[in-house]
Amino acid sequence: MFIDARQVAEGSRLEADLCIIGGGAAGITIARELRGRGTRVALLESGDRQPDAATQALYAGTVTGLPYFPLDTCRLRQFGGTTNHWGGLCRPFDAVDFQSRDWIPGSGWPIDRAAMEPYYARAAPLMRVPFPQDWTVERWTGRDHRPRLPFDPARVESQLVQILPQRVRDFGKDFETDLGQADDVMVYLWANVTEIETDENGTSVTGLRVATLSGRTFRLVAHRFVLATGGLENPRLLLASRARRSAGIGNEHGHVGRHFLEHPRFVAGLLAPADQELRADFYAPHHVGGAEIEGYLELSRALQRSERLAEVEVRLGLDYDPGFDAALESGDVQAFRDLARDSRSLGTLGPDVLEVMGDLMTWRRSVLFGPPIPLPFPELIGQLIRSTPAEVHASIPDLLGDIVATGYLRLGGPLPISAITLTTRIDPQPNPDSRVSLTDELDPLGVPRIALDWRLSELDRHSARRTLELLAAEVGRVSIGRVRLTFDEAGSAWPPDLAGGWHHMGTTRMATRPEDGVVDADCKVHGMANLWVAGSSVFATAGSGTPTFLLVALALRLADHLRAVST
Amino acid sequence: MDSAREGGVGGPSARTDASMVVSAGLSRRILAYIVDALLVGTLALAAVSLLELSVGPAVRFVPQPGRVAAIPVLEADRVLLDTLVATLVSGLYFVGSWIRWRATPGQRWLGLRVGDRHDPGRLEAGQAVIRWLALGAPWGLAAALSADSALGAPVALAAVLWPVLLLIGTALDLRGRRGPHDLVAHTIVLAGSQAGGHAGRSRAAATPPPG
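Residue numbers (the numbering used here), protein chains in the order written: chain R, 82 to 648; chain C, 3 to 213.
I should point out that these hints are in silico values taken from the structure, not numbers from a laboratory.
A quick note: this is a predicted structure, and the numbers were derived from the prediction, not measured.
Keep in mind that a hint or two might mislead.
Stated by the list, open to error - One-sided and incomplete, this derived list gives chain C residues near chain R with beta-carbon spacing under 7 Å:
1) L47
2) P59
3) I73
4) D84
5) W141
No residue lacks a Cβ here, since even glycine has one placed at the ideal position from N, Cα and C.
Working from the sequences, and respecting the hints, build out all of it.
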């Protein structure tokens, strides 16, 4: 059941058995799991189903460390949370991602991959992952007919991610009906938690102070609480709730907000193929039997261990003629995809149809309509006769339109590749100095805004450079081209295109001992009797997988745990 | 002799028994269309090429920085001129051959003839013109608008879909195989022995036998 918190009586006191703060992927998953089980669940969501500028502005903050996205644009404060702009990439963490590696300080989780297997198995159908067992390239051999680059697997491995279709990425839309029809789940929209209240000892949460931007305030009390507001907002709320303890909740050892993790990515090299006909299209997003997958490269785990490196993924950006690159990303193609795959509102149907029709008519420019057939202009025929094969290929988007060009690329096989851009994505070393902290500035609801000081380590820098060097050596060994490294390990500067992936992790990290982290293996805040944390802020490492898949699996695991402790 | 017969082509005719004739099958007509399209396309392309040798090209190729291939840009007035020439070639080919032989070269090769709906041994010049316009008018209109008009895209799309509509319309008429172009021109396409010579000899008629 959905309730507009702006209609709740001023000063009222609401009750529930379990209160979930945050209506994103984690919060929605837990609420959905607990519905119909005799537990009165209250889910507090700051925003509405649709974006709201004033609500989104509550996310504004300061970036003090490495350059980062504005903090009010890299996450979404509305029902469904950041899944509203999620890219849909899915891959489970490998077993080694959970393990401690002695050359990576701070690595290791209190749980292992085996503990997560049953929850990955449940998360996959929930998220509609099309092939939940197929995470190795061997499982796709013979299915996509795209060869892998011929590297020695003892040195360089090919891996893949599955990319969920746009229509199933938004948790808000996907599960709105489930929660709306549940009598025992109350979803309060427009409800902002401004403080977590505790008892005098600061060891048990007694209630929440809630405010709306319209000026309404009320309290919500419950037996148990789950904080699920994202990797930047979870520490903010814990740190800002300092009525009993000045350091905030769960911060006895100063870990709240520290160990902020992202997946840093930047272009680190360029591969010039020896043969322009090199087949590398496995490493571009492509559709296979109802799934979309994208390959990437990484050093074998054995080589990472022997070289004492952090895990670095290398994504391959295939550079075709700019016309084809533009076609692949064009609005025409997106409009066609929207028409073909998604149910669209009537409001966008018209523009999409016009865009698609306009693009399909691009070939007007190359055709003379001589009844009863369209004819190419004579000079066009002459031009094509004089052109090289590469020029003929490159003419396709201009002559036939973006949609036809994209279809040609999908169906007609690979185009000649002029270069391959090598983009690294690092699983960085957990760094306590990479952190979220409070500033003196308050938002309109009186909650301190945050400052993000994103930092990386020398191990991260060395790992990126060394991975590229080893990859370059392998490229040379198998004679498929040459690699030019564009990232210099020397010096302190990172490349200007350094960016994250909107992955906010580690700020309430999971650890067995309170001296090492904020939550325990059950995601319960150390030292707190009835407060749990859900979402990627509990990640101990950023891992080789994608955060959303794991955080949903962890939310399912936490839901099971909450059911167990309530009985 | 009535006025229609006086202006008709194809020699003397006689109204015949409507149950005695079988219209041409779809596959042969499609094949004939493809043959004609190739022939008239080649002729039109040759004519346009000759024209452009004297007045200049209708398409310029503009190199783009960083691009492998240059981008084609149309000259609107030249496109219009090319269209007129291509249309003229097409008109001479279709209308001329229908008036002269009641069949285009492609239709003759496949043993097809076009005739009046009620008098298949004859075909009026007006019917030939109307049938040609119904077959190809959207193409010509699309050509005239092809430079940069806002109407260009939808008309071009209509031109592409037009043969499909003609095909569907023809296929849906299970008895007479008369498409929209035949309906507006009051014509029918005949096959086999019925297609040759005069209607009186071929016992041609409008309606095929049931079953």
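Item to check | Given hint W141(C) near chain R, where the shortest CB pair must fall under 7 Å | outcome: holds (4 Å)
Item to check | Status of the hint placing P59(C) at chain R (closest C-beta pair under 7 Å) | outcome: holds (5 Å)
Checklist entry - Under the criterion of a CB-CB separation shorter than 7 Å, is I73(C) in contact with chain R as hinted? => result With a minimum Cβ separation of about 5 Å from chain R (threshold 7 Å), the hint on I73(C) holds.
Checklist entry - Was the hint right that D84(C) lines chain R, CB cutoff 7 Å? => result It holds, given that the least Cβ distance between D84(C) and chain R is near 5 Å, below 7 Å.
Checklist entry - Any CB of chain R closer than 7 Å to the CB of L47(C)? => result holds (5 Å)
Violated hints for the displayed structure: none, as all numbered hints are satisfied.
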